[in-house]
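Let chain A serve as the given structure and place chain B on it in line with the hints.
These protein sequence lines are chains A and B, in that order. Quick note: the first sequence uses the working numbering, first residue 781, plus one each step. Quick note: the second sequence uses the working numbering, first residue -9, plus one each step.
One or more hints might be untrue.
As the list claims (entries may be wrong) - Taking lysine-lysine and the BS3-like style, the derived pairs with C-alpha atoms no more than 30 Å apart in a straight line are:
1) 195(B) <-> 254(B)
2) 359(B) <-> 854(A)
3) 378(B) <-> 817(A)
4) 254(B) <-> 911(A)
These aren't lab readings, by the way, just hints derived from the structure by calculation.
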Amino acid sequence: MNHPAVLETKEAFGETTLIVDPARIVDLCRHLKDSEKYVRLSGITAVDMHPAEPRFEVIYHLHSIEKNHRLRLKCLVSGVNPEIDSATGVWRAANWYEREVFDMFGIGFRNHPNLVRILMPIDWEGHPLRKDYPVHGYKYSYPSE
Amino acid sequence: MSNIKHSFDDHTSTIPAIQEIPATPAAPRRMTLNMGPQHPSTHGVLRIVLELEGETIVSAAPDIGFLHTGIEKEFEQKNWQQAVTLTDRVDYLANLSNNLVYALAVEKLLQIEIPARAQWTRVMMTEFSRLNSHLVWLGTHALDIGAMTMFFYCFREREDILRIFEMFSGQRMMTSYIRPGGLALEPPRGWQQVVGKFIRAFPGKVDEYEELLNANPIWIQRTQGVGFISLEDMLDLGITGPMLRGAGLNWDIRKSEPYSSYDKFDFKVPVETSNDVWSRYRVRIQEMRESAKIITQALEGMPEGAWQADAPHVVLPDREKMKTQMESLIYHFKIVTEGYRVPAGEAYQCIEAPRGEIGYYVVSDGTSKPYRVHMRTPSFGNLQGLPKMLEGIMIADSIAALGSMDFVLGDTDR
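Just chain A, with the same shape it has in the complex:
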């Protein structure tokens, strides 16, 4: 892939992974959708590499029905105030996936139209899929009316 945003290309198990500069992720997504026919965004997720730095990997799974090909984009995001640009302007499907990543990992998406929690209660504290989030314990109270 010859695009200035792509830092590295990896192949494993017949799957292609592009390591992408997080600052230019939206440019690349726009290019892949418009020129390379990756019309579908299959999903966005993240992996917490705690305590490594950069701490988070934000993963985009793209799919082109026409080319019958899948592509994985990977952005490394710092653990200090993690933020990345939102891809909702490219695929509307990104909306809920980014909300889920925000909810579960606390990664912010700049220019997202409605970045609020989606699975956890709206007043929840903490981000459950972070590796330093405890698995056991009691923590729940309904807010008073």
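Only chain B this time, still in chain A's reference frame:
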């Protein structure tokens, strides 16, 4: 009708159940209506905040998360073998599809070869799981629209399928039958008779359903021309599965990216073009017939041989061998105490589930527990398109429209 306010708010939002929005000269009087999360036709606990103008839906905002159980976090606490049981509990109507996609993803990382008999049994069982899911969909969807008999007919056949699951795995719903390395148990003696009897009778049963619905004026009026959403919108919003095939797109992962020897089976991908509730109904009915064809082919051509991979470090050994062979006992001890290790790496595997694309993104750090498992579930992707589909239609049609999406809330919220 002034100032109606009910105060059974749930904890996730501050929007009251029914709220009247004051009319302005520019905008006519509107009302916000809270549908769900305990509404029976939302098929689970889905809450939709509808903004109405008369009986027309102006905007719809789904609110999900009521069934969130943190399954992805739990994956990270279990070892690879134990995690199979979690995959059952994601989509409770297509358990075997979830078992299969997890097994395929882990096998991709382990690089082990699965024998033909196990692959064919997997295909047969996932097709049964598709029949199971489509039958529940047809029964409950018809019930929503007012055709009550369909519910009994569909659940009659579903019961037979659950008995077949029980015969194979010992469980009716939480099967955990397909595991990394092959199957959980050898197919039981005499399964050919049971499956054969069911599958010979099944096409006749589908005829019965069609006889009840195809010429039924109420069914036709409630489904034809209802629930339109353009193909471009669907692709952009991440909708997959029968919804896309009902809009004329011939895309099925079983054909485009064959897995588990689906390329050895002869079946068609049904496509309809009218892009409404009716076309989704037609697609699913024809998919049931195609699944029956696949099961018949699996029944007739089932290969002989091993039903588990030749990978003693992954597959639990035979109980009899454990009593006589030291090696088997050691492997057994290793697998049940520490679990097997999976080489470090990442893999994405997707399959065509009854509702669309299920994709598991699995990351291993080389230990005996998954580092991260992300489930791209079809219900989550499909539900995102709901507002687009509901906008502009009547509130009574919304039940038919959202039913045609066939989502499972356990699958959405995980």
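Exercise. Against the structure shown, which of the earlier numbered hints fail to hold, in ascending order?
Worked result: 4
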